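A.B. asks: Chain by chain, the residues run as shown.
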Amino acid sequence: MNLFTLASRNVYRHRHRSIVTTLAMAFACTMMIVFAALMDGFTIGSERNVVSMNTGDIQIHQPDYRDDPDIYSLIEQAGAIVEQHQQLGFYATVRLFAYGLMASDESSSGVQLRGIELETEPTVTDIDQHVMTGQWLSGDDPHGVVIGKKLSKLLDVSLGDELIFVGQTADGYMANDRFEIRGILKSVSAAIDNGGVFMSNTMLRELITLPKGAHEIVLMRHDRTTDLAAVTAQVKSRVGEQLEVMNWQQLMPIINRFIETAHLQTLIMMIFTYIAVGSVVLNAMLMSVFERIHEFGIMKAIGVKPQQLIVLIYIEMFIQTFLAVLLALGAGSVLSWYIQENGLDMSSLADGISFAGLAFDPVWYAALTSNALMMPSVFLFIIAAIAVIYPAIKVAVIQPVEAIHHQ
Amino acid sequence: MFKPLFFCFSLFSLLVFPSVQAVELEVDRVKTLLNAVDDLWRGESSYAVTTMYVKTANYARTMKMEGWSKGKEKTLFRVVKPLREKGTSTLKSDNHVYTYLPKTDRTIKLTSGMMMGSWMGSHLTNDDLVKEARLEEDYTAEISFEGERDGQRIIEFTLVPKLDAAVVWGKLELTILADGHIPVVESYYDEDMVLARTIRFTDIQQLGGRLRPAVLRVVPADKPDEYTEFVYEKLSLNVKLKDGLFSLSSLKKR
Amino acid sequence: MKLNLLAWRNLWRHKRRTLITASSIAFGVLLSVTFTGAGDYFYTRMIDAGAKMGMGHITVAARDYNRAPSSQKRLQSANQHQATLRELPEVSSVIARIQGQAMFASARKSVGGTFIAIDPAQETASNNLFIQCLVEGKMLETVSDKGIVMGVDLARKLQLSLGKKVVYTTTDVNGDIVSAIARVSGLFRTGVSEVDGGLALLPLQSVQTVLGYESDEVSFIAVNLHDQRASHVLRDSLQQQAAFQDMEVLNWQQTQPDLAGMIAVDKSANKISQLLIALLISAGIINTMLMSVLERIREFGVMMALGMSPRHLFGLVMLESFWLAVTGLIIGIIITIPWYLYMFETGLDLTSAYGDDFSFGGVLLDTVFKIRLFKESVVGILIGLFSLALIAGAYPAWRASRIPPVEGLKAL
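Residue numbers (the numbering used here), protein chains in the order written: chain L, -5 to 401; chain Y, 6 to 259; chain C, 16 to 427.
You can trust all of the hints, since none of them are fake.
One side only, chain L facing chain Y, incomplete, derived with CB under 8 angstroms: (1) ASP165; (2) GLY166; (3) TYR167; (4) ASP171.
Here are some chain C residues the structure puts well away from chain L; computed CB gaps all over 10 angstroms: (5) THR139; (6) SER159; (7) MET318.
Residues of chain L placed beyond 12 angstroms of chain C at every Cβ, according to the derived structure: (8) GLU77; (9) LEU82; (10) MET126; (11) ASP155; (12) GLN243; (13) LYS299; (14) TYR308; (15) GLY324; (16) ASN365; (17) PHE375; (18) GLN393.
Think of the hints as simulated: they come from the structure by calculation, not from any bench. Computed from a predicted model, the values in this text were never measured in an experiment. Quick reminder that beta carbons are idealized off the backbone N, C-alpha and C, glycines included.
The task is simple: from the sequences and hints, build the whole structure.
C.D. replies: This is the structure we're talking about:
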């Protein structure tokens, strides 16, 4: 008789046992898939969070701008650089900054005015979707501003309230205008929360009399899988030596280190999960073979060769594992997909979550990557194969008589 | 950032000198001399028209303003030119400082956070302004040089901040002409006695009934090509001013 | 009692199977102790460090101070309140502080920042993080000291070194601008850039004079506790007291929402991981018990035919699960104790992985990974383990009790 047919019949004949074993493995594998998807989601999510909220992949400044944000440290050819990179397949935008005093009826505070391009900023970052109350900027409302969360508390203002800005124009005059609060942001970063005032680039240019140039160019890759360091080097060679080109990993080394160590931690957690899964699968496979030694003894007694027995045991294992993986892939992807779409909302646990001055999205999304599906499935086969080595050899070498009397 | 407009008054009033408590004759003389310099600028009240020129690496600008003062504690300033800043006025009354912004029709009270940066693009900081009335308490003065220098007979004073004085400088040096007690130059040094900025007084002419320097130029030591210059076009001392002038409501009047 | 003995014997009829399942339980114990212990240790460290950076585990402040701090909002009769708070057994130290925004200026530069005015007599390394972080010079010595202790980066921005003058300008109790001078007496480095670049410590009495405060007026009283976990209950009880009616009593979650948020998320991620592992272990238990029930259908059939009730059979399998859990627990304890002791005493030095300026939610941390279990956590792990084993055993036990005697005899 064909060994494969025999194996399937065996699996079917012991269907209670097979179902229990398969379900245990499927469950373990499902857990691994969900866990891997959560972990990948965390890594991808935190990078996306860091990059898409404000920083972007790559920023270009005058070399000394980040140290000393001087209003005159302008990138003169900003428009050309942006256009060039948009053609090369980047999302690109420019930003303009100015510092001054913002006064409400109640109090006043030093602020950073952030002039952003209304059309291109949303292609680079998701800041426009991060409004807590009110609305994002609009071209129809040049005097409407969106301000940081803590700044709104500091100034004791709410939506629709009036703010007066006092500062200095680029040509040395007093910059002064009246603005209305159009939106208040959720937590973004310490700097933006405490003093960020967003307005349109055009408005800010007019306010501080700075007709051209920009303080910051932000680039975002279309394809996030490309090598960031290499892309940064290419950008650097295009814009030339006199400008500073940095990617987010260089701009925020602490966050980068945090994400790297978090990734390491997820790997450790993964190993623990695999060990737990390993013990379940090992036990399940051991049981399914050892408890049938009696039966294998009889087979040996009627002349089945040891090699054939080993192959038979492996085929049975393979059938069960295969079914388990199918089940797990189904259940795991459905569960992970659900968490990917809906996320685990942590916001009930806390108001805002920030790390090293940077706010994190309180919703934890899974990411159903091919890795998250592949690794657990492959692991399940490997651990099952290892688990039956010992019983298979035992069956192969055991004397039929002994086997028949085996408990 | 933002800065009150009566700065030029403040600068002149830097010359309002320390009360000196010691008993020696020398000390009495210092006091007499410095009071004489002080008398050049200070009356019971004053009215002045001043033009400010600022030159930096990035821009050059001109601003004309008029100002009133009464005693040490009350000052009011109003921008006359250019048009885009016309009507901007600043009031200092005792310890409070307010600015009226005509473009937004709002009055803002100066807060401690607004003390840094330049006012109207000039090279001056707010520090001196707030300290104006306290100069006498803050420094001890002595004559550090007397005699001929560069063909002029001068007296040089060195002012050292008192131990508890809220002053960032290490010392100030003031040079005056021995004749007429007209100031020539004032130098500010940091704590390591490195020159930080210089104020030069030039163009001595009849102003408000006396010979006084009409031009005052501030030069930061680290940017010798930049300056802020104040030119007095008109000065009258001991004019009659009502207390009501120095109130929030008069800030808005044009 | 006989049922117990029977269950125990049944368990050891399949030594290998029992040992593997028990080992997975033991492994679960080890993991749970590690994760929970790391959490208990890590969170306490963070909360304590956060408390030592300014506002304590519990903060007693003037009304509305926390929402919109200003020098106008001040706490009166601080001395009296401090005395009251010191009486509480949970409290380790009670310190009065003034906190505010100021512009710090040297002849070269001026930089905006935060000041904390302290009474050096009340502050020690155990309630003030900056004392531990002092890298140059010395701490303030008296309440009317002329010194200022600031972050190294703030000093660098102002181009200042020890002994140099700083003028700080702030808003006094009437909203007027006031300034005063201090000389740099010490520099600290916490590693948290916002703190090192924007915070300075000033002597309490000097600041009171500058701000126009009375000698018993401060911004808030920072209360440090022996055990941070008491903060919630203690805050609630203080809020009820008449003495604190017209002020605000806050716990660290309210004064440091960022930190609280970070901990909450980390905790929940930790719990999700533990839950997954618990599910895996219970899958193992179900698998083992179900197998052992399935292969004993005949045996159970015989037992029932001999008069054993389904309820007894159910109990028998449940007892087997119970003893399996006990075995797992014993193995778990044996492997966990040396690990726990090592991690409790020595820990893993992760400095090379994290660097020596690791901060979390704006709070500086040391990077030695240690574990420390609270008593409640031990109880939690034990309860979790046994409920897991019993819940996992319930289905196999129910299956066993449902075997009809005759069918049981027919089977195989």
